[in-house]
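Q: This is what each chain is made of:
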Amino acid sequence: MTQTGYVGASSSITAEDVPAFYEGAKFYSPAGGDANRSSVISWLAGLLDRNGPVPLLKVEGVPPETPCVSVCVLGSGSAMADLPPAGDEFVLAVQQIERLQRVRFGAVYPLAAATISALVAVVTAAQLRVPLLDADGMGRTFALIHHTAMHLSGVSPTPLAAVGPTGESVLVEVPAGPRADRMLRANVDTVGGWAALAAYPTTAGVLRRAALPGTVSRITNVGRLLLDRTDPDLLVTRLGAITGCRRLARGRIAELEHLSRPSDVTIPAHPSSVVVDEIGGLGRQLRIELRSEIVAVFADGALIAGAPDLMCLLDVSRGALATLDSLEPGDVIDVLVTPADAIWYSPRGMEMVGMGSHGIPLAHPRQR
Amino acid sequence: MRIPSTLPITLGELARIQPLSGAETHLADPARKVEQVVLAENFDRLRRCTPHVLVVLHNEAATGGWSLAAALHLAWERNLSAVVVSRDVAENSSVALAERLHMSLIIIDEDTVDVALRLAGQVSAPAAARALRQARVAELLAEQTGIRGVLGVLNRELNQVPVALVIGGAVIAGQAAALTERPSVRQIEVEVHAPGERSAARLVAAVPVPGPAALDQVESLLRLARPSLQAAWAHSRLDAATRASHEQAAFGLLRRLALETPPESSELPEVEVPSWAGELGWQVGEANRAVWLAPVRPSGEPAPEITFLIRASWQRGHTTWPLVAEGDGWISWHSGTDPSDVAALRRGLVAFRDSAVAHRLVIGVGRAHPGVGGLMRSVAEARLAAHVAREGGPGAVQWFDQVGANAALAWLPTTEIAQVADLCLEELMAARDRAALVQTVLAVLDAGGSLSQASQQLGVHRNTVLARLARARQFGLTYDEPGQRLALHVLCYALTSLWGAGSGASSSSGSGSGSGSSAE
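Chain order of the listed sequences is A and B.
Note that the UniProt record's numbering has the first sequence beginning at 1, numbered continuously upward.
Note that the UniProt record's numbering has the second sequence beginning at 1, numbered continuously upward.
Keep in mind that the hints were calculated from the coordinates and are not lab data.
Careful: at least some of the hints might be erroneous.
Partial pick of chain B residues on the chain A-facing surface, computed with a CB cut under 8 Å [unchecked claim]: (1) PHE43; (2) TRP66; (3) LEU72; (4) ALA96; (5) ARG100.
For each residue, glycine too, the CB sits at the ideal point set by N, CA and C.
Isolated chain A, as found in the complex:
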C-alpha cells in the first residue's frame, strides 16, 4: 500500500483517484447500492483522462468574489442505473443558472460530498474546466436539499435548475428554502426518475463561513483505506484516525424485519430494522433502524447512536462495507458510528436532521 499521494489541502483529483473517491463517497452514504459503480467510475476516469486532473482547492484558496455553484444528483440511484446520464445534464443545469444570473461560475462544489453526488461534482468541474472546492453542504448525505450547512447559514438554495436524462429541465425560485424540495420532488419522476441539480449559487466568500470544509479530500482518503482490504480491526482503527468513527459493537444478524410502519411523510423511506446479537461484550441485542439509511441503533432498547450520526455496517468476513440491501441473517458485522459535522448537533441542525425528523421522539445520546 502506498501511503504517499494522500490528497492534501490544495491538490487535484486524477483518473487514478476515482476508485478510491467512489469508495469513500460510499462510506458517507452507506445506504446506496452498487448498481452503477463500474459505469460511473469509467465515465469519470475517462473524462479526467481526456480533460486532465480537476484541481481541488480550499475555499480560502479561491478569491472571495468567485461565483460558485453546487451540484448533486436528485432522485434514486437505481433510476440513474436504469436511465444513465447522457453526460451533459450537470453542465446544462449549471449553465441555466449562469444564464439566469448572468454570471460565470469560477468553481463547483458538491452539495453532498458523498454517494454519486460527490462524483458528479468532479464530472461537472472537469466538463466546465473549473476547479472543485474542497467543501460541501452536508458532510454526508441527508434526504432533502435544504438539509445543508448553507441553508443554516441563510444561503438560499434557489435559483436552482434540475435537468433530467430526458433533456427536460425545471427552474425553481422560492423565497423559503424548504419549499424547493417539495416542488422538485413533484417533477423528478416526470423528467426521468432522477435529475441533475445545480443549486446554492453563491460566492466563495460566503462559502468560507457557510460550507463544511475539507470534506472532499476526506472521502478520497477514506476510500484509499477501504480499498486497501485489511483486517477489520485495523481498518476501524485507521478509519477512526481520519473520520473519528468508532465501533459500537460486533454482532451476528439475527433477524431482518420488513415492516411498513407509519413514518414521517416528508422523507421517502421504507422503514425496517435489523436485529443483531452482539458477540462478546455484554451480549446485547442491537436493533438497527433503517429508513433510506441507518437512522438509529438501539442496544437492549436504549438508544446508543442516531441521526445525524453516520452509522454504517462493516462486513467482518470481507473486511468491506456492507450495503443495506446485501444483509443476510447470520452475517457477522461491525456497527460503526461516525460523528457528523458539529453543525448538525446544534439545536437547529437537530431539528432538521435529528431523530425527530425520522419519527423517533427520543433524546439523542449526545444530548443526554
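Could you slot chain B onto chain A? The hints should help.
A: Here is chain B on its own, set in the frame of chain A:
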C-alpha cells in the same frame, strides 16, 4: 396485619383471568405485584411511570420495531411490572429482548384501550379479580372426573405452587415437590374426607413466600377442589371394589376346581386353566409361585381402602400380577416357564418393601408348582412362610424353600404355652433373671447339649452358661431329663419368642431357634 382484600394483585393472577388469559404471556416473574395500570401513548408518559406499574402501549408508543424495544428498556429503567402490546407490533426479537431485560411482556389481540380499561378495573379491585379467578377454577374443577385430572387443574392453575394428594405419607397424585420442606415455603394442608370415612387424605400445597399466590387464596382453591376429589374418589373406589370382589370370587372358583378334582396318589391334580382367568389378566402356567402378603398383627379382614392401596403399590410395574384379598391377607402369584427364574419376583419384592414397611406387612413366598393345583399348593406354602416371616417384623420376606419343617414352629400357640409356664414353673417366672435363664437353656438344647456351642452362640463364658444351667435346674428347668426335654424345649422356645416380641420385634438375641429365617 395482612388484609387479603387490599393486597395488590400479582401478574400471575392477572394472567389467569380475562382479558389476559387469552393473551400470549411472557412473564419474567409472575409474583410481581401490579399496583396501577397506565395507558401510555408516548414516551413521555412512559418516563413518568412509577415502579410496579403495568403499562399498556398505545398509539405513538406502540409503532413497533424500535419503539417497543425502547419501551421495554424504559420499563426496565422504571422498574415496571409488565408491558402489554398489540400483536401487530410485537416480533420475535421483542420477546427475546424482554427475556433479556427480565421484563414481562404480554401480547394481546384485542384493542389496547379496551384491555387497559378492564385491567385498570381489575387492579383497583383485586378481591373481585380473585373471585373471578376462583370461579373460573371452580368451573375447571367441576369438569374433572378423575383424581389426576383434579390435581392437574390445581397444579396448572396454581403455577409455581406444587400440589399433591397424600394418604398416610404416600403421594397418590400431583407433584411430590409439595411435600419437601424448604425455607421460604409455607405448606398448606386441606383434609379431604372420603365419603363415610373419618379422615383419609390431605391435599398439600407448598406455597413460596413471598410468591405469586396469597396463602389464603391457595387454601380456598384447595377447598374448592375437595368435592371434585371426593366424587372422583368415590367413583374410582366403586371401580376398585367391583374388581376386588370379582377377583375374590374368581379365586374362590379356581380353588374349588382344584379341590373337586380328586388327587391321584401324591401327584398334583391336573386341572385345565379356565378361560375366565385370562379375562382377569391372570396367568396360570408351568411355574406358579405364590406370594402371601399378611399384616404382622392380624386383625381380621382388611378394609377395602387398604386393599386399594396395597393393590396400587403391589401392581406398580406388574399389572398382570393379581391381588386377591383372602382372610387377613392378600394372595398374589407370578407365573413363568422356568421354576428357578425368580428375578422378576425378587425385583418386585424389593420395590414393594417400602410399602410393606409402611403398612406393616410381612411376605411369604411359596415354591413354584405347575398348573392350578400347583398354584393352590404354592399358596398354602406362601401362607406358611408368611407366618414364619412375622418373626422378622414388618417388611420381612420369607421364602418357603428356606423354611422347611421349621414352619411348624410358627403355628405354635406361644401365648397359651407361656401361660402354662406361669402355672408349672412358678418360681422361675418369679425370678428376676428368668429371661437369661430360659434363653440359656434354649441355647443348650438347640446345640444338642453342647455347652461350648451354646456359650459361643450366646456370647458368654462357658462357666456363665454352667452357672445359669445350675440355677435353672433349681427352678425346675430340668432340661437333661429325657422325659421332660421336648416339653421344656417347646416351653423355652415359646417364652423366648414371646418375650423377644415383647421387648422389640427386631431383637434376635432371644430367638436361637435356628429356623433360618431371613429378613430380606
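Q: Now tell me if each hint is right for this structure.
A: Hint by hint, here is what the structure shows:
Of the supplied interface hints, the one on PHE43/B holds, with its beta-carbon coming within about 6 Å of a beta-carbon of chain A, less than 8 Å. Hint status for TRP66/B: holds, given a least beta-carbon distance of 5 Å to chain A, under 8 Å. The criterion of a C-beta within 8 Å of any C-beta in chain A is met by LEU72/B, whose closest approach is roughly 5 Å, and the hint holds. Among the interface hints, the one on ALA96/B holds; its C-beta lies about 6 Å from the nearest C-beta in chain A, closer than the 8 Å criterion.
Here the hint on ARG100/B is kept, as its CB sits about 6 Å from the closest CB of chain A, short of 8 Å.
Of the numbered hints listed earlier, not one is contradicted by the structure.
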